[in-house]
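Novice: The primary structure of each chain is shown beneath.
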Amino acid sequence: MKLSGQFISSLVVATMLVAGCSKESAPPPPKADTAKPAELVVKIGHASPLTGTQAHIGKDNENGTLLAIEEANAKGIVIGGQKIKFELLSEDDQADPKTGAIVAQKLVDAKIKGMIGHLNSGTTIPASRIYHDAGIPQISPSATNPRYTQQGFKTAFRTMANDEQQGKMLGEFATKQLAAKKIAIIDDRTAYGQGIADEFEKSVKANGGTVVAHEFTSDKSTDFLAILTAIKGKKPDVVFFGGMDPQGGPMTKQLKSLGIKAKFLGGDGVYTPEFIKLAGDAAEGAYGSLPGVPLEKMPGGIAFRDKYKARFNKEIQLYAPFCYDAVNVMIEAMKRADSVEPAKYLPELAKMNLNGVTSRILFDEKGDLKGGAITFYQVKNGKWEVMETLGGAPAEPAPAPPAAEPASKAESKDGDAMSAGYK
Amino acid sequence: MDTFDTFLQQLINGLVLGSIYALVALGYTMVYGILGLINFAHGEVVMIGAMVALAVIQALAGATLPGPVIVLLGLLVAIPACMLLGYGIERVAYRPLRHAPRLAPLITAIGVSIVLQNVAMIIWGRQYISFPPLLSPDVYSIGGASITALQIFIFLLAAAIMAGLVFLVQKTRLGRAMRATAQNPEAAGLMGVNVNTVISTTFIIGSALAAVAGVMVSAYYGLAHYYMGFLLGLKAFSAAVLGGIGNIGGAMLGGLLLGVIESMGAGYIGPLTGGFLGSHYQDVFAFFVLIMVLVFRPSGLLGERVAERA
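Chains as they are written, first to last, in this note's numbering: chain X, 1 to 423; chain S, 1001 to 1310.
These are calculated hints, taken from the structure and not from any lab test.
A quick note: this is a predicted structure, and the numbers were derived from the prediction, not measured.
Don't take every hint at face value.
Simulated DEER-style distance windows between Cβ atoms [to be verified]:
(1) S/Phe1276 <-> X/Arg336: 51 to 61 Å
(2) S/Ile1291 <-> X/Arg189: 20 to 30 Å
(3) S/Ile1142 <-> X/Ala303: 51 to 61 Å
(4) X/Lys202 <-> S/Asp1283: 27 to 37 Å
(5) X/Ala206 <-> S/Thr1003: 23 to 33 Å
Straight-line Cα separation of at most 20 Å, EDC-like style, residue types lysine to aspartate or glutamate; simulated pairs [to be verified]:
(6) X/Lys383 <-> X/Glu296
(7) X/Lys344 <-> X/Asp133
(8) X/Lys220 <-> S/Asp1283
(9) X/Lys261 <-> S/Asp1005
(10) X/Lys309 <-> X/Glu296
(11) X/Lys234 <-> S/Asp1002
(12) X/Lys182 <-> S/Asp1002
(13) X/Lys261 <-> S/Asp1138
Built from N, CA and C at the ideal position, the CB exists for glycine as well.
Pulled out of the complex, with its shape left as it was, chain X reads as follows:
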């Protein structure tokens, strides 16, 4: 794996060298840009929970960011006549708002030129003030709480549709596609979980659905039997969970053990391979959503997935493509402004219009993604499968349909056990 990664990067370097040579010959250089290139080191900050219960998703974010930075370095980007070497400064914010603010200050003190992060809405919102005050552009790949971009900070952007957009479409999906009349909601009381659950509730009501129960848990609980029993009495058609996979997985399992027939629906927090691992057979048939267009449908999407696999020997967990887009958008803005200085390239970032691997990246005046699409997925045979994409203007669709990978032996066994289990 490592070998092939090196091979690919050396290949990239080789092609860049060829391209660089041809460029060099064209304009008569007053100062040869490769003569003795004093490399300028540009620090890019990143923060996500690298320890604790969401460490698997946090590491995934870091990997996505790192991949984009390594690629940019391999290309040998020249900005303002100087060869740029990007350096990643990654911090662990533990998904904790207090720690988030501490690491934000640490990154600002380290003189980062741009910030990719944080992962959670709860950490991103308090940290965004610190980046704003220092004038550093911040792109969160995954903070979806609407408040993040509603603070009037010109430095705050995100590469993912916010919860207003996502919650609204989740509500439409539940009432229309799933034809649910009675809907129960559970949220984990975090900025993300509560935010998306509230938007979902509004949308369900607007679409003529009835919310029969709204129960609460925490982002550290494992026992949901009591609240699920209370929900069971209300006979919902759909149970919606606003929260992350460490709760969503066991919750789905307990839902089945109580004999609740309702469909399980979650937001982007449960759309992970980990969710399926924790829920086991009970994951089958669960629905999840993720802002953006499926990777397979995006130009460069499949290539990104393969590159990620080759570099880290792991499957993408969740937000890595959004981090990758965030870095590329930031670097593109620096190139267009021909400056790595935050004040210079910030206006270019606000005007950005670039095809990423997740969707077309185009910001509105608040820094939110314009016309963000939401894709719905369902667990089938122990794997998340694309159902449909709602809203947004999808970029040019790829000609090839998504290649369905053959289900492994273990998964088909799970499928059998499950059909035998529920009667």
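Once you have looked at the hints, place chain S on chain X.
Specialist: Quick look at chain S alone, frame taken from chain X:
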């Protein structure tokens, strides 16, 4: 599902959860009964039990053995591992401090707890470890309520273990030695009871119960995590206090009661307060009951002898 079925379901949820609390609470109460010491590292012993069992289970998950046998093998490795750990904790952290002021062993208990958590984090990592789907997901219904084979098994096993423990303490020679040590360690020593052995044995038995509880919790919720012992330990300690710490029957009663209160609290607090308080007050409700019991019956529901302990 009508009101009665919902009630029945909450009762089942509560009793299963409560029987796990009771098993862990016994470990707290036995040690307290004999030493007058609160072993705050006990929750971590539960966690280590779950982790060791899961390591064995995951190693065997590919084998062609039937699921329940694999889980049993995991349990059979976890029990001696926890017994050894319990003995080690007592030997290293508590015995040297036996005649020290009472605050000292309390602080080492917290220290041991932190050390165990971090060791587990280093060995097993920071992520949730999922329990392989080895046990049958069969769901039975009683009236309108449903119960899984695993829930029935957890409840019955906990009941059997508790019955065995009562027999051990009330009817055997070792039990008599334990009761004698609890009443007065010095007098028991003069009567020929080896006090150190009795104390070690108490820790070993408590840790074995913790191992069983650890495997139950991880199988029941389908996951284990290095931090899982903390909240569980705190709840079980509250259960022991609720029933009357130092009293074996009290720990069982307290555990079951706390489980049922939590479950009923989460299920009914919303409707009872007209939606003013929601299910996020689940834990508040449980601890509120604990406070009320302690205000009106400071020695717990079944406790009597707490006051006379030096």
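Novice: Please go over all the hints and tell whether each is borne out by the structure.
Specialist: Going down the list of hints, with the structure as the test:
{"no.": "1", "hint": "S/Phe1276 <-> X/Arg336: 51 to 61 Å", "verdict": "55 Å, holds"}
{"no.": "2", "hint": "S/Ile1291 <-> X/Arg189: 20 to 30 Å", "verdict": "23 Å, holds"}
{"no.": "3", "hint": "S/Ile1142 <-> X/Ala303: 51 to 61 Å", "verdict": "55 Å, holds"}
{"no.": "4", "hint": "X/Lys202 <-> S/Asp1283: 27 to 37 Å", "verdict": "29 Å, holds"}
{"no.": "5", "hint": "X/Ala206 <-> S/Thr1003: 23 to 33 Å", "verdict": "31 Å, holds"}
{"no.": "6", "hint": "X/Lys383 <-> X/Glu296", "verdict": "15 Å, holds"}
{"no.": "7", "hint": "X/Lys344 <-> X/Asp133", "verdict": "16 Å, holds"}
{"no.": "8", "hint": "X/Lys220 <-> S/Asp1283", "verdict": "13 Å, holds"}
{"no.": "9", "hint": "X/Lys261 <-> S/Asp1005", "verdict": "16 Å, holds"}
{"no.": "10", "hint": "X/Lys309 <-> X/Glu296", "verdict": "15 Å, holds"}
{"no.": "11", "hint": "X/Lys234 <-> S/Asp1002", "verdict": "9 Å, holds"}
{"no.": "12", "hint": "X/Lys182 <-> S/Asp1002", "verdict": "17 Å, holds"}
{"no.": "13", "hint": "X/Lys261 <-> S/Asp1138", "verdict": "15 Å, holds"}
This entry satisfies every hint, going by the numbered hints stated previously.
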